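Enquirer: Letter by letter, the chains look like this.
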Amino acid sequence: MHRVRETTPLAQSFTNFVTINLVANAQLAAGGTAAMSFLPDDVIETAKIAGANYINVGTLLPFYKDALPEIAQRLNYLDKPWVLDPVAAGIGRTRTSILQAFKAAPPTVIRANASEVIALANMWGLNTESAGDASEHRPAGVESVDDVDSATGAAVALARYLTEQHAKHSSHDASIPCAVAVSGIADLVTDGETVYRLSGGSSMMTKITGAGCSLGGVVATYLAVSDPLTAALSASLLYNRAGEVADTTSHGPGSFQVAFLDALWNVTAEQVAESEILVQ
Amino acid sequence: MHRVRETTPLAQSFTNFVTINLVANAQLAAGGTAAMSFLPDDVIETAKIAGANYINVGTLLPFYKDALPEIAQRLNYLDKPWVLDPVAAGIGRTRTSILQAFKAAPPTVIRANASEVIALANMWGLNTESAGDASEHRPAGVESVDDVDSATGAAVALARYLTEQHAKHSSHDASIPCAVAVSGIADLVTDGETVYRLSGGSSMMTKITGAGCSLGGVVATYLAVSDPLTAALSASLLYNRAGEVADTTSHGPGSFQVAFLDALWNVTAEQVAESEILVQ
Amino acid sequence: MHRVRETTPLAQSFTNFVTINLVANAQLAAGGTAAMSFLPDDVIETAKIAGANYINVGTLLPFYKDALPEIAQRLNYLDKPWVLDPVAAGIGRTRTSILQAFKAAPPTVIRANASEVIALANMWGLNTESAGDASEHRPAGVESVDDVDSATGAAVALARYLTEQHAKHSSHDASIPCAVAVSGIADLVTDGETVYRLSGGSSMMTKITGAGCSLGGVVATYLAVSDPLTAALSASLLYNRAGEVADTTSHGPGSFQVAFLDALWNVTAEQVAESEILVQ
Numbered sequence: 001m002h003r004v005r006e007t008t009p010l011a012q013s014f015t016n017f018v019t020i021n022l023v024a025n026a027q028l029a030a031g032g033t034a035a036m037s038f039l040p041d042d043v044i045e046t047a048k049i050a051g052a053n054y055i056n057v058g059t060l061l062p063f064y065k066d067a068l069p070e071i072a073q074r075l076n077y078l079d080k081p082w083v084l085d086p087v088a089a090g091i092g093r094t095r096t097s098i099l100q101a102f103k104a105a106p107p108t109v110i111r112a113n114a115s116e117v118i119a120l121a122n123m124w125g126l127n128t129e130s131a132g133d134a135s136e137h138r139p140a141g142v143e144s145v146d147d148v149d150s151a152t153g154a155a156v157a158l159a160r161y162l163t164e165q166h167a168k169h170s171s172h173d174a175s176i177p178c179a180v181a182v183s184g185i186a187d188l189v190t191d192g193e194t195v196y197r198l199s200g201g202s203s204m205m206t207k208i209t210g211a212g213c214s215l216g217g218v219v220a221t222y223l224a225v226s227d228p229l230t231a232a233l234s235a236s237l238l239y240n241r242a243g244e245v246a247d248t249t250s251h252g253p254g255s256f257q258v259a260f261l262d263a264l265w266n267v268t269a270e271q272v273a274e275s276e277i278l279v280q
Numbered sequence: 001m002h003r004v005r006e007t008t009p010l011a012q013s014f015t016n017f018v019t020i021n022l023v024a025n026a027q028l029a030a031g032g033t034a035a036m037s038f039l040p041d042d043v044i045e046t047a048k049i050a051g052a053n054y055i056n057v058g059t060l061l062p063f064y065k066d067a068l069p070e071i072a073q074r075l076n077y078l079d080k081p082w083v084l085d086p087v088a089a090g091i092g093r094t095r096t097s098i099l100q101a102f103k104a105a106p107p108t109v110i111r112a113n114a115s116e117v118i119a120l121a122n123m124w125g126l127n128t129e130s131a132g133d134a135s136e137h138r139p140a141g142v143e144s145v146d147d148v149d150s151a152t153g154a155a156v157a158l159a160r161y162l163t164e165q166h167a168k169h170s171s172h173d174a175s176i177p178c179a180v181a182v183s184g185i186a187d188l189v190t191d192g193e194t195v196y197r198l199s200g201g202s203s204m205m206t207k208i209t210g211a212g213c214s215l216g217g218v219v220a221t222y223l224a225v226s227d228p229l230t231a232a233l234s235a236s237l238l239y240n241r242a243g244e245v246a247d248t249t250s251h252g253p254g255s256f257q258v259a260f261l262d263a264l265w266n267v268t269a270e271q272v273a274e275s276e277i278l279v280q
Numbered sequence: 001m002h003r004v005r006e007t008t009p010l011a012q013s014f015t016n017f018v019t020i021n022l023v024a025n026a027q028l029a030a031g032g033t034a035a036m037s038f039l040p041d042d043v044i045e046t047a048k049i050a051g052a053n054y055i056n057v058g059t060l061l062p063f064y065k066d067a068l069p070e071i072a073q074r075l076n077y078l079d080k081p082w083v084l085d086p087v088a089a090g091i092g093r094t095r096t097s098i099l100q101a102f103k104a105a106p107p108t109v110i111r112a113n114a115s116e117v118i119a120l121a122n123m124w125g126l127n128t129e130s131a132g133d134a135s136e137h138r139p140a141g142v143e144s145v146d147d148v149d150s151a152t153g154a155a156v157a158l159a160r161y162l163t164e165q166h167a168k169h170s171s172h173d174a175s176i177p178c179a180v181a182v183s184g185i186a187d188l189v190t191d192g193e194t195v196y197r198l199s200g201g202s203s204m205m206t207k208i209t210g211a212g213c214s215l216g217g218v219v220a221t222y223l224a225v226s227d228p229l230t231a232a233l234s235a236s237l238l239y240n241r242a243g244e245v246a247d248t249t250s251h252g253p254g255s256f257q258v259a260f261l262d263a264l265w266n267v268t269a270e271q272v273a274e275s276e277i278l279v280q
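Residue numbers (the numbering used here), protein chains in the order written: chain A, 1 to 280; chain B, 1 to 280; chain C, 1 to 280.
One chain only, chain A, in its complex shape (with noise of 0.2 Å):
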């Protein structure tokens, strides 16, 4: 938190229309500075300069079906870390085949919730534990289904493939471990090798539309400066501790919204350094 407050880095999206003044707003109020761009040339020479990049799926338009295909492999090519939001994971062909070609070229941090981590393992053939019937875990939409606990092997198998895959690719040291967010009720990050449980929040980051999606943006901006289990952690910390704030001094989802983004803001380091980890 010290690290992005003092250096303001930029982590660019490419991000759905419904929340991306929210994950720009989020971005910035957590200490970092933004940038969103959709054309494969905009967003490479913008990754160039950025720490780190984030891909949410949600609101697909037709060009994306080869364009985002075509940046995933760019960035894993050029070495540029990035945050995967798998919105609405299993819904539509057009997502469907843009995050099965996300396969071969894997992001470094995944974060979801529980019926898209789900839907997304079984996708790239990773879920043994629930292969019995895949259809049962689609998300109702962008919202899940399915509730955190029941998404740990999913998680797990997704956090072990992508640092697997970049330790094959990449040139950076294969020893850091990537890392998956699962949000719910008690969040749920794992590097594959250990599982941390983060409870706190408000529920009514269920009643502002995008509190997931600029949560990955949010990791984004920590990536930036930091190991993917660090980003993860940080950022899902921060989001827990600002709902916090924001619950206590808002009269609805309106003032809710304005409290958090001040919350990102106004939160301290220490804060979140004092905030319950369960370690599974």
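Derived from the structure by calculation, the hints contain no laboratory data.
Since the list gives no way to pick out one identical chain from another, each pair is judged satisfied if it fits inside one copy or across any two copies.
Pairs of lysine-lysine residues, derived as DSS-like cross-links and limited to a Cα-Cα distance of at most 25 Å, are as follows: (1) K48 to K65; (2) K65 to K103; (3) K48 to K103; (4) K48 to K207; (5) K103 to K168.
Just so we're clear, the structure is a prediction, and the values are computed from it rather than from any experiment.
Go by the hints and put chains B and C onto chain A.
Expert: Frame of chain A; chains B and C shown alone:
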């Protein structure tokens, strides 16, 4: 209102980029859930799990010209109820081509301003009253240049047309009438038989962008759990009551929007039920 | 300011998806009305009823490459005044191709940060001062890496070029100069003859996304009722005064944005008129 808050129904939106965030946040604040899509495969697959859908024709992109008529046709083929906001009806060849195509695959509810309702009725050949000079009734951009009274005939004609068409083609009970809601100083809602007038709200609703667009989204949220007339009336009444609350607690358009979202969350079904409705 | 608040002029925007909502809300809060369009037929038909137009080249989509040059050409052919925000000038082949095309169909006002102004002047072959190494002046994403002082020569050269071109091709009075506004710690506004420097504002304006983008929109709102220099000066001064008010009444970037929109609505023409302006 009780049913929405108890069941948090999903209403899907294909809407403009200016107010897409407010549409989603208003649907959440009213008690529903939101999903936004643009690709036909996304929209149709999400429609299968959504209670209702919303199409708003602001900020068109090139691919909408084919996508929107296809989506309307498939929603109707699948008997999925949907709300249309014909933003800026009358402006631009592409918008006109899309709105004309909707005549053959019409929505369940139309929510618009007076100029848009008149322009759409003219476009569909339904507005016998003012057939003299259709070009007089083109909106000044996205703002209405006509008052609500002058749109009464067009609104009634549109509501009857929607009801007739759905009775012909739908497997639903043919006795459920469709509805048209015209926003203005005193809103008008009609099922083609009775004309209801709803007063109140706040003049500040014209000083934030998206009061009308997001009302269309909340009509869709209510349409997910009720008949078209009830959905149009309830959402319009909620908006007027919430506008009044926000008016008294805000100091300009910034704080008005925040207070308005809080009020959508906090206004009770009883407050809405006590609203005065003028039956014309 | 009085004229805008009395006549609520329409300014149309073709702008990026990150801050499109703030652009519209800022235009409404300043007293104008807003319409956002992307299709050439929409933009041109709306331009016929709008007082001024705004083009912002953030978040490009593939079809913009042809659409934006066509729109600029048609706006100029129709003698419609427009404001350009050359967001991230210098990044990406598509953006460069679009901005180069604008040289032949230039805007009436440019509103940008220092790096973008320098990059654009270099791109158009106008910046003799720093011709040595254009690559030094590429913006760090959407943030400026140059200070306002260093953009003075580029801003003056651009303003003169715009004025010359419009004098050649326009049917307007050739004596009306165009303007360039460079945002930074002390803003710079010039008509190519006089350089005005405007201090004040708030450092929090860099901690919300879209302060610059929405200023471009409000310049267009003012341009609908005044000459380019007056529009650029008035909008920039309003932004500084509103930023100061919001600074004292907010507790972080969330409440700053809310207070800022309120202040755009509440700051008086007299407060703006009392602003100190340094003439260089």
